[in-house]
Amino acid sequence: MKIIGIDIDGVVANSQPVIIAKLNKYFGTGYTLADFANFRPKKMFGINRAQLDKLIMTWELEIIQEAAPYPGAVPGINELAGDFEIHLISARSPKYLDQTAAWLKSHEIPFSRLKLLGQHDKRRACLDLGVDLFIEDSKKNAIQVSSCGIPVLLMNATYNRGRLPGMVTRVFSWNEIKDYIKRNLY
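115 is the number of the first residue of the sequence shown in our numbering; add one for each residue after it.
Keep in mind that the hints were calculated from the coordinates and are not lab data.
Built from N, CA and C at the ideal position, the CB exists for glycine as well.
Careful, some of the hints might be misleading.
[Said to hold, decoys possible] Each computed BS3-like pair below joins lysine-lysine, with the alpha-carbon atoms no more than 25 Å apart:
id, residue 1, residue 2
1, Lys253, Lys136
2, Lys168, Lys136
3, Lys156, Lys254
4, Lys116, Lys168
5, Lys168, Lys254
6, Lys116, Lys292
7, Lys219, Lys229
8, Lys139, Lys116
9, Lys253, Lys116
10, Lys157, Lys219
11, Lys168, Lys209
12, Lys253, Lys229
13, Lys292, Lys253
14, Lys253, Lys296
15, Lys136, Lys209
16, Lys139, Lys168
17, Lys168, Lys157
18, Lys229, Lys116
19, Lys253, Lys168
20, Lys219, Lys292
21, Lys156, Lys136
22, Lys209, Lys229
23, Lys157, Lys229
24, Lys116, Lys219
25, Lys156, Lys253
26, Lys292, Lys254
27, Lys292, Lys229
28, Lys209, Lys219
29, Lys296, Lys116
30, Lys116, Lys136
31, Lys139, Lys157
[Claimed, not checked] Label-pair ranges, simulated between beta-carbon atoms:
id, residue 1, residue 2, range
32, Tyr145, Pro189, 15 to 21 Å
33, Pro189, Asn270, 16 to 22 Å
34, Phe286, Phe141, 25 to 31 Å
35, Pro189, Gly144, 16 to 22 Å
36, Pro155, Asn270, 20 to 26 Å
37, Ile161, Arg237, 27 to 33 Å
38, Gly142, Arg297, 43 to 49 Å
39, Met115, Tyr273, 39 to 45 Å
Just need the whole structure built from these sequences, with the hints factored in.
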């Protein structure tokens, strides 16, 4: 059985609206998703990217619990789980493994393996798990994984625009993901 690796945040969990709401509340701003197309934390919030990432990490558990499923993810993964092993590989902190598993169960999202890395480089995990295709929302992560010879589907987002290498294909929905997989992995 072929293995599909899937990132969680931005692909399975629609985390970005939760993060934006928390940032707006914390900084007293009113940014929308569209404002993050050319994201510059220093200009928007007066802090650098490392400081912003640290702040977001203080809300990690709340983000996990409050995020809704990404549109189409639940039926899409359920459809694929009949024919493929689903390995969820995330940069989430490993200490939130139980909460992540509970969120997935509460939304009836099936998986064969759940790996929380606590960091963003997913190359080793994809290779160790024998992933045949990876689905990601981070352009940097997609390029890294594809450099190992693993094709990547990049879920379109305001923060991942630009040119992509040959092993990375931009997709705009879970329907496109399913269509790609039907054409290329069956």
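Status of the hints after comparison with the structure:
1. In summary, the hint linking Lys253 to Lys136 is supported, as the alpha carbons are separated by about 23 Å, within the 25 Å threshold.
2. With a CA separation close to 13 Å, the supplied pair Lys168 and Lys136 stays within the 25 Å bound.
3. A hinted pair counts as satisfied when its Cα atoms are at most 25 Å apart, and Lys156 with Lys254 qualifies at roughly 21 Å.
4. Proximity of Lys116 to Lys168 is assessed by CA-CA distance (about 36 Å); at most 25 Å being required, the pair is judged violated.
5. Among the hinted pairs, Lys168 with Lys254 is consistent with the structure: their alpha-carbon atoms are about 19 Å apart, no more than 25 Å.
6. A C-alpha spacing of about 14 Å is found between Lys116 and Lys292, which places the hinted pair at or below 25 Å, so the restraint holds.
7. Taking the CA atoms of Lys219 and Lys229, the gap is about 15 Å. The hint holds against a cut of 25 Å.
8. For the hint linking Lys139 to Lys116, the alpha-carbon distance of about 43 Å lies beyond 25 Å, and the restraint is violated.
9. Between Lys253 and Lys116 the alpha-carbon distance is near 24 Å, which keeps this suggested pair within the 25 Å criterion.
10. Proximity of Lys157 to Lys219 is assessed by CA-CA distance (about 39 Å); at most 25 Å being required, the pair is judged violated.
11. Between the alpha carbons of Lys168 and Lys209 the distance comes to roughly 16 Å, so the proposed pair stays at or under 25 Å and holds.
12. Only pairs whose Cα atoms come within 25 Å are accepted, and Lys253 paired with Lys229 is accepted, the gap being roughly 20 Å.
13. Distance check on the hinted pair: Lys292 and Lys253 sit about 20 Å apart at the alpha-carbon level, within 25 Å; holds.
14. With a C-alpha separation of about 23 Å, the suggested pairing of Lys253 with Lys296 holds against the 25 Å cut-off.
15. At most 25 Å may separate the alpha-carbon atoms for a hinted pair to count; Lys136 and Lys209 meet this at roughly 21 Å.
16. Of the supplied pair hints, the one linking Lys139 and Lys168 holds, its CA atoms being roughly 16 Å apart against a limit of 25 Å.
17. Simply put, Lys168 and Lys157 have alpha-carbon atoms about 17 Å apart, close enough for the 25 Å limit, and the pair holds.
18. Distance restraint check for Lys229 and Lys116: the Cα-Cα separation of roughly 17 Å lies within the 25 Å cut-off, and the hinted pair is therefore satisfied.
19. Using a Cα cut-off of 25 Å, the hinted pair Lys253 and Lys168 holds, with the two alpha carbons roughly 20 Å apart.
20. Distance check on the hinted pair: Lys219 and Lys292 sit about 21 Å apart at the alpha-carbon level, within 25 Å; holds.
21. A threshold of 25 Å between alpha carbons decides the hint, and for Lys156 with Lys136 the separation of about 17 Å falls inside it, so the pair holds.
22. Between Lys209 and Lys229, the direct Cα distance comes to roughly 11 Å. Compliance with the 25 Å bound is thereby established for this hinted pair.
23. A C-alpha spacing of about 35 Å is found between Lys157 and Lys229, which places the hinted pair above 25 Å, so the restraint is violated.
24. Pair hint Lys116 plus Lys219 holds up; C-alpha atoms about 23 Å apart against a cutoff of 25 Å.
25. Taking the CA atoms of Lys156 and Lys253, the gap is near 21 Å; set against the 25 Å cutoff, the hint holds.
26. Note on Lys292 and Lys254: the hinted pairing holds, with a Cα-Cα distance of about 23 Å set against a maximum of 25 Å.
27. With a CA separation close to 22 Å, the supplied pair Lys292 and Lys229 stays within the 25 Å bound.
28. Taken as a hint, the Lys209 and Lys219 pair is honoured in the structure, with Cα atoms around 17 Å apart against an allowance of 25 Å.
29. Simply put, Lys296 and Lys116 have alpha-carbon atoms about 12 Å apart, close enough for the 25 Å limit, and the pair holds.
30. Of the supplied pair hints, the one linking Lys116 and Lys136 is violated, its CA atoms being roughly 38 Å apart against a limit of 25 Å.
31. Proposed proximity of Lys139 and Lys157 is supported: the alpha carbons are some 17 Å apart, at most 25 Å.
32. A beta carbon spacing of about 30 Å between Tyr145 and Pro189 contradicts the range 15 to 21 Å that was offered as a hint.
33. Judged by the Cβ atoms, the range 16 to 22 Å given for Pro189 and Asn270 holds: they are separated by roughly 19 Å.
34. Between Phe286 and Phe141 the C-beta distance comes to about 30 Å, which sits within the given range of 25 to 31 Å.
35. Between Pro189 and Gly144 the beta carbons are some 33 Å apart, a value that contradicts the proposed interval 16 to 22 Å.
36. Range check, Pro155 to Asn270: about 21 Å between beta-carbon atoms, so the 20 to 26 Å window is met.
37. Restraint check, Ile161 to Arg237: a C-beta distance of roughly 29 Å satisfies the suggested window 27 to 33 Å.
38. Against the hinted window of 43 to 49 Å, the Cβ-Cβ separation of Gly142 and Arg297 comes to about 47 Å, which satisfies the hint.
39. A hinted range of 39 to 45 Å is violated for the C-beta pair Met115 and Tyr273, which are about 33 Å apart.
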